[in-house]
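2 protein chains.
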Amino acid sequence: MEVVDVDLSDRTYPIYIGSGLLDKPELLQKHVKGKNVLVVTNTTVAPLYLEKVVGLLKANGSKINVESVILPDGEKYKDMGTLMKVFDKAVETRMDRRCTFVALGGGVIGDMCGFAAAAFLRGVNFIQIPTTLMAQVDSSVGGKTGVNHPLGKNLIGAFYQPQCVVIDTDTLSTLPERELCSGIAEVVKYGLIRDAKFFEWQEENMDKLLARDPDALAYAIKRSCENKAEVVSLDEKEAGLRATLNLGHTFGHAIETGIGYGGWLHGEAVAAGTVMAADLSFRLGWIDASLQSRILNLLKRAKVPVAPPSTMTIEKFQNIMAVDKKVVDGDLRLILLKGELGNCVFTSAYDTKALEETLHSFCPS
Amino acid sequence: MEVVDVDLSDRTYPIYIGSGLLDKPELLQKHVKGKNVLVVTNTTVAPLYLEKVVGLLKANGSKINVESVILPDGEKYKDMGTLMKVFDKAVETRMDRRCTFVALGGGVIGDMCGFAAAAFLRGVNFIQIPTTLMAQVDSSVGGKTGVNHPLGKNLIGAFYQPQCVVIDTDTLSTLPERELCSGIAEVVKYGLIRDAKFFEWQEENMDKLLARDPDALAYAIKRSCENKAEVVSLDEKEAGLRATLNLGHTFGHAIETGIGYGGWLHGEAVAAGTVMAADLSFRLGWIDASLQSRILNLLKRAKVPVAPPSTMTIEKFQNIMAVDKKVVDGDLRLILLKGELGNCVFTSAYDTKALEETLHSFCPS
Chain Y
4 MEVVDVDLSD RTYPIYIGSG LLDKPELLQK HVKGKNVLVV TNTTVAPLYL EKVVGLLKAN
64 GSKINVESVI LPDGEKYKDM GTLMKVFDKA VETRMDRRCT FVALGGGVIG DMCGFAAAAF
124 LRGVNFIQIP TTLMAQVDSS VGGKTGVNHP LGKNLIGAFY QPQCVVIDTD TLSTLPEREL
184 CSGIAEVVKY GLIRDAKFFE WQEENMDKLL ARDPDALAYA IKRSCENKAE VVSLDEKEAG
244 LRATLNLGHT FGHAIETGIG YGGWLHGEAV AAGTVMAADL SFRLGWIDAS LQSRILNLLK
304 RAKVPVAPPS TMTIEKFQNI MAVDKKVVDG DLRLILLKGE LGNCVFTSAY DTKALEETLH
364 SFCPS
Chain V
4 MEVVDVDLSD RTYPIYIGSG LLDKPELLQK HVKGKNVLVV TNTTVAPLYL EKVVGLLKAN
64 GSKINVESVI LPDGEKYKDM GTLMKVFDKA VETRMDRRCT FVALGGGVIG DMCGFAAAAF
124 LRGVNFIQIP TTLMAQVDSS VGGKTGVNHP LGKNLIGAFY QPQCVVIDTD TLSTLPEREL
184 CSGIAEVVKY GLIRDAKFFE WQEENMDKLL ARDPDALAYA IKRSCENKAE VVSLDEKEAG
244 LRATLNLGHT FGHAIETGIG YGGWLHGEAV AAGTVMAADL SFRLGWIDAS LQSRILNLLK
304 RAKVPVAPPS TMTIEKFQNI MAVDKKVVDG DLRLILLKGE LGNCVFTSAY DTKALEETLH
364 SFCPS
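Chains Y and V supply the protein sequences, listed in that same order. Going by my numbering, the first residue of the first sequence is number 4, and it counts up by one from there. Going by my numbering, the first residue of the second sequence is number 4, and it counts up by one from there.
Hints should not be assumed to be uniformly reliable.
[As the list claims (entries may be wrong)] Think about it this way: if two alpha-carbon atoms lie no more than 35 Å apart in a straight line, the pair counts; the simulated DSBU-like pairs of lysine-lysine are: (1) Lys36/V <-> Lys38/Y; (2) Lys36/V <-> Lys356/Y; (3) Lys92/Y <-> Lys240/V; (4) Lys27/V <-> Lys79/V; (5) Lys88/Y <-> Lys36/Y; (6) Lys240/Y <-> Lys79/V.
Bear in mind the hints are in silico, worked out from the structure with no lab data behind them.
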């Protein structure tokens, strides 16, 4: 088992990564504080792992009272109405201030369970058990929680850190291939923004990742978590540096919002967004053509979209990006690549004509 | 103008208290960071003060873009559905991360606007302009924000501190008498839990408070804010000490929930709850009969209820108190008076038979 620590002074917490971790009750139990646990999961994950996790919490005569709530599966249910079901269950089952919420599922479950934990009784403990590659390498680490607003992704939420993250790599065996590839898009991101060697490793090992080679997946998850943990430790509340984790996300969020939540997976939208960000970076003269094509090639090999869907018009992009969380006093700040592989900037100091050209080159109208 | 600082290291903020503060644009403007402000108010307060506050923000050619959202008035609208109206308006008017939410109104508006500010884009600036005595002496200070769940008060929320609190005592001139008396019940609380001299001052000056003597009101507000600021500085997240601010609130919340939000004002329910807490403290032998009767007398003079409504049965009290935020691992912790005037404890170590006797003595069945 590998342990990656997210260093946040008194809120420091471990990420456990390894095979068979959901067979080790002590790991989970030592992070449960009170007598009550509410497991938050969805209709897809519950039949696969809920019984196992409940058993784990109750193992060795633990006396922990375990309740669960099963939400509908999918980004389109990541809304306030679905969140209320978690609060309803928590109140009905008399969860108290010392209780622990356990997020069992992918990024949507982690984000919603985390926000529910942040807001219930103004904050209770929570633990992440991510079961998708996307959640394991990105969303379960760093404390960003929230739900979508009909007009924009993750507009309502909180920064709220878990007690621990338990990543059992065995859970990836049940993951649909499309979900696997979506997660790989986020892995590619870490290489691009800050870890050239990791990007090169991915170029060499993409086939192994797609074949679900356990060692390759474990390494990719560990290296991704280490990168994210470092960034989050330096800038928890996203004053600046942390924003670089959103490479491709401004375009990507616009795609997700524009085609309706659930049309594309998050990593699919981010992949197309990353290609657009690379295109803009190249137009600005900030990266050379060879880097741009390496990015395109690696994402193509990862079997994720490398362009937005044809329904995304220039106007749609512009309207949705105007309400992005990274807009400040009217200026849209973007994460763009600049310089050698592994370097990026977070800036509003780019030629907006180049942005228009990028939109024109990717959109039919 | 008086200034009371709430000392919370990097989130320290001032409470400005005085007459005519809503005529001083620089006070408010210096705490507005970005270019966008969303004023959150209600249908009762908007006709009285919204234009004035918007004018204040725009005074001296400030270039601040001011938007507003007017919510229905009352505790029964302190719910997630109404909160969504704030988010809708914030998204529609393109509020960004540097924007400021301004709460203009009583405790309900402050709690909802604060929680909206905590959750919008995972946290934006906010400023409190409380216009009721209750909000000025209690709810606008200390960062507790949230909304009600149908099964319990303030079950969903956040600890979130404002940039500043601006208390213009002139706003009390438009306050209905019932609201004034409700606020006085919280003022009485500070004396009981930690400030014997303040309680004695109230015994001498209750008539002045009821007659809205400006100096008496200003002193009561200042002393209340000082007491609250001290407690909050020592225990922001309510690990222990801060809970003592909830004297009478467990019984009071049960009354509010039991008769439906909006039936009684918060301070009215707290007043009855304080009398019940004093009764229980006396039954336990923790305070003497003379203190119990001084409490009853002072609250009677303040024209607030000193017993729960007849519709509150013992069973209702018990069921609702079982989901109180102060229940931990099954035990209900209460704030009770113990010893001389000005002393209290926060404990689950009381004889539950005495609690039953108190409920029997105040409830018809």
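Cross-check of the supplied hints:
1. A hinted pair counts as satisfied when its Cα atoms are at most 35 Å apart, and lysine 36/V with lysine 38/Y does not qualify at roughly 43 Å.
2. For the proposed pair lysine 36/V and lysine 356/Y, the alpha carbon gap of about 29 Å is at most 35 Å, so the pair holds.
3. The hinted pair formed by lysine 92/Y and lysine 240/V meets the criterion: a straight-line CA distance of about 24 Å does not exceed 35 Å.
4. Between lysine 27/V and lysine 79/V the alpha-carbon distance is near 33 Å, which keeps this suggested pair within the 35 Å criterion.
5. Proximity of lysine 88/Y to lysine 36/Y is assessed by CA-CA distance (about 23 Å); at most 35 Å being required, the pair is judged to hold.
6. Between the alpha carbons of lysine 240/Y and lysine 79/V the distance comes to roughly 34 Å, so the proposed pair stays at or under 35 Å and holds.
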